[in-house]
Amino acid sequence: MTVQEVGRPRRRKEDTRLLTGRTQWTDNLSRPGMLHVMFLRSPMAHARITRVDVSGARDLPGVVAAFSGQDLAAEQGSLPCAWPVTEDVVIPDHPPMAVTEVRYVGEAVACVIATDRYRAADALDAIEVDYEPLPAVLDMNEALAPDSPKVHEAGNKAYSMQITSGDIEAAFRDAPVVIERTFTQQRLIPSAMEPRAVLADTDGESYTLWTSSQIPHVLRVMLAVTTGIPEHKIRVVAPDVGGGFGSKLQVTAEEVLCLLLARRIGRPVKWTESRSEGNLTVHHGRDQIQHLRLAADADGRIRGLRVELIADMGAYLLLLTPGIPLLGASMFNAIYKMDAYAFGCTGVFTTKMPTDAYRGAGRPEATFGIERMMDELAAELRMDPLEVRRRNWIRHEEFPYTTISGLTYDSGNYEAATERALSLFGYDKLRAEQADRRDRGDPVQLGIGVSTYTEMCGLAPSRLLGEGRFGAGGWEHGEVRMLPTGKVEVVTGSSPHGQGHVTSWSQIVADALGVPFEDITVLHGDTAIAHKGMDTYGSRSLVVGGIAVLKACEKVKDKARVLAAHLLECSPDDLEFEAGTFKVRGTDSGKTIQELAFAAFTAHDLPDGVEARLDSVATFDPETYSFPHGTHLCAVEVDTETGRTRIRSYVAVDDIGKVINPLIVEGQLHGGIAQGIAQALFEEAVYDAEGNLLTTTMADYLLPSAADLPDVTLDRTESPATSNPLGAKGVGEAGTIASTPAVVNAVVDALRPYGIDDVRMPCTPERVWRALQERAQEGERP
Amino acid sequence: MPRITVTVDGVTYEEDVEPRLLLVHLLRERLGKTGTPIGCDTSNCGACTVMLDGKSVKSCSVLAVQADGCDVVTIEGLGTNGAMHPMQRAFHEEHALQCGYCTPGMVMAAIDLLRDDPEPSEETIRQGLEGNLCRCTGYCNIVRAVRRGAQEMGQAVSTS
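Chains as they are written, first to last, in the numbering used here: chain U, 1 to 782; chain D, 1 to 160.
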């Protein structure tokens, strides 16, 4: 009796090398004759470059070369933006190394190549750059004013777009209740633990680039387009990659420049960023101003929702920059039914580091907006926040349901997840304690926050991406190779960086082919091995890449069936496949998949016209997204004397469809929830009035530590996805999307008796304390 | 250039080093001990934590010359006879790592905190690991792993 692998909490195959230090981080790699690159970066937010003199650096011992942007201008091209979201979107020229003008602090203006990193760092000091300051543009609203200084000649507006569904005017006309709020999604720094690193080498004919990237395949194409080096002469390898969270879903200046520098010098060059360099120049996340208006009936039923976003693009459009806020365009309406919906977004240039994908990418912003509004609606109507949600959400018997924004949700059960969360949380008891503390005027107030989220996973169906003007498809590639000894080699186009693909894919293949989990290896992250791929982001790996592997397994079995029928002298239709063996129905006669792999290898007795291999490839392109959902409940204690928030308990019940490995799912939720809590309470990228980033180190940018975070209680409900054969929905971003509004709703709930109906994120002790002081002073005024 | 003698994972090295060379760069770039990674430049993240004469240090904040005459143990030297240290095993069993970049430092810090308290509470573990940052796990399973590791190390001591 074979144990089913899918659904088992398998310990990860990846762990051994990570736990014993036998890792292949890009910075660990070395090549004979390798040189080290360092970049000199702009200290000005906006300036004209009037002179760069690298000669002082070139003369220093150990320095092999030094270049300015001008030196590379003819060959460096422009960094790509692959998502021209509208016909008239402004995509400014974006030289990897600035030539005439810098537009954010940290932009590279020169580089040094030396025999070791210490000498390279010394040599940076010997480069002279003259700048003619230009005005910094930092505030999005001011940037849109007609008299604002310009970031680019074409102006500060990158694009704007409007989507309307239903009669939005009618929904708001005579609405008994209208809630209007403006929320700020602060700028965040993704902060993967592994800083970026790039190693480029050439034999004079072709090029290999090792890089800490989520997207080796996309990068290869983009490097070819950007540099003119033919695609078939470029190999990109993402070795062990230490986290990404969207920040390594990018075609970076440093990747392009290292490739070009290897070509110039004819020797391998490596660049490894420092954390402070990374905080300045790894793309940032979020940074939106959200203006929301919600119209409702007196009983809490939603009539319509208007969303107006201003989104900070930063100084340039990187790979997906303009599209990120639009990933939330169809998600503000969330799990709720309504008559009408309007969404507008304006992308704005500022003299800051560009923004791009960060865990959730557009959906956390949307979920935060609507879930905060639902709590505000509940408060306005003096209703329980869950009751107002119940009155509006799609009931489980209504699936599949096409929402006001046009997406069709295939499955879900919001009632079940909520009921389970309520019982784990002890909702009624906590409400009673809250009432008691309010009555007593306890200086430590209890707040309860609710978030009943959904999101769209599995980026993405190629047709839908095309309709959205995305520059590529969203399919994924999988390959299954049967080795002569019966072992299995799986190749996936998904490029993991901590998600455990090797383990999960092994579980899928073990069940599909009936081979032992231990007999499967999974290869990835190298364009010379996995020759096709669309890589890892948007919670797509399992629900797109995992399905591609499953489909390749089906093809292996189809081939094996033909061979088995030949060897067993029966019709293929007489064979049944069970636990790795093709058996002639009703007999003991059969062939294992391993025997068939060997028979294909020897090829001594193949049917006419049959190839000598069972190996198969498949590409999977889903027809639609998948829609995980769940109910997260958070209880916080807010000390009204110090402003400090402590999370007392956190319950998350998520419905992510069928689960391959519950251990990995649990880990994804733990980490995702932590990152969402971090946005709610701790993290913010802060620029000063001159456009200097103040949060360049981990001492200033507050990644939460173990001491700052709670344990969380997890459970699941299961409504299988109907959009893929595994029934899986994706889990990579769910925790982050759900938890930020749960925490902020809890903080606001604690403070509502004090007349507070919002606290800007992150809800630091200072912000909470100031909000309380302001309300107290207002109360004292006559 | 000063000459130092340092033992790393049981092997003694004699090296001429610049006075400014960081211990972590000595380990990674001179001795090939790349198991110890670098996650920041302000000693906040703890990824580079190693044992220096039995106590945990952040090797980005120690000069190589300060390690002269010292015994350094890195994540690569923790196991014995090819078997993982109980704390490494506990991290595996509890799924306390995802990308794994913080893991070497986290394991070292976890072992170090047990010197002060062999049976730490959840609170003690959370406070004790405050100097080691992880972006993937939310620390939930790390806390569980340290508890499990502590139990197994305690049993190893009591049965030996």
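Check before you lean on any hint, since a few could be wrong.
[As the list claims (entries may be wrong)] Among chain D residues calculated to face chain U with C-beta under 7 angstroms, some are: (1) Ser61; (2) His92; (3) Cys102; (4) Cys136; (5) Thr137; (6) Tyr139; (7) Gly154.
The set of hints was computed from the structure by calculation and includes no laboratory data. The C-beta atom is built at its ideal place from N, Cα and C for all residues, glycine as well.
Now the hints, each set against the structure:
Hint status for Ser61 (chain D) relative to chain U: violated, with the closest Cβ pair at about 13 angstroms, above 7 angstroms. Here the hint on His92 (chain D) is kept, as its CB sits about 5 angstroms from the closest CB of chain U, short of 7 angstroms. The restraint placing Cys102 (chain D) at the interface with chain U holds, with a minimum CB-CB distance near 5 angstroms, inside the 7 angstroms limit. Interface restraint check: Cys136 (chain D) against chain U, minimum CB-CB distance 5 angstroms, threshold 7 angstroms, status holds.
For the restraint placing Thr137 (chain D) at the interface with chain U, the shortest Cβ-Cβ distance is roughly 5 angstroms, inside the 7 angstroms limit, so the hint holds. Using the Cβ-Cβ criterion of 7 angstroms, the hint placing Tyr139 (chain D) at the interface with chain U is satisfied: the shortest such distance is roughly 4 angstroms. Annotation: Gly154 (chain D) was flagged as interfacial toward chain U, and the flag is violated, the nearest CB pair being 20 angstroms apart, outside 7 angstroms.
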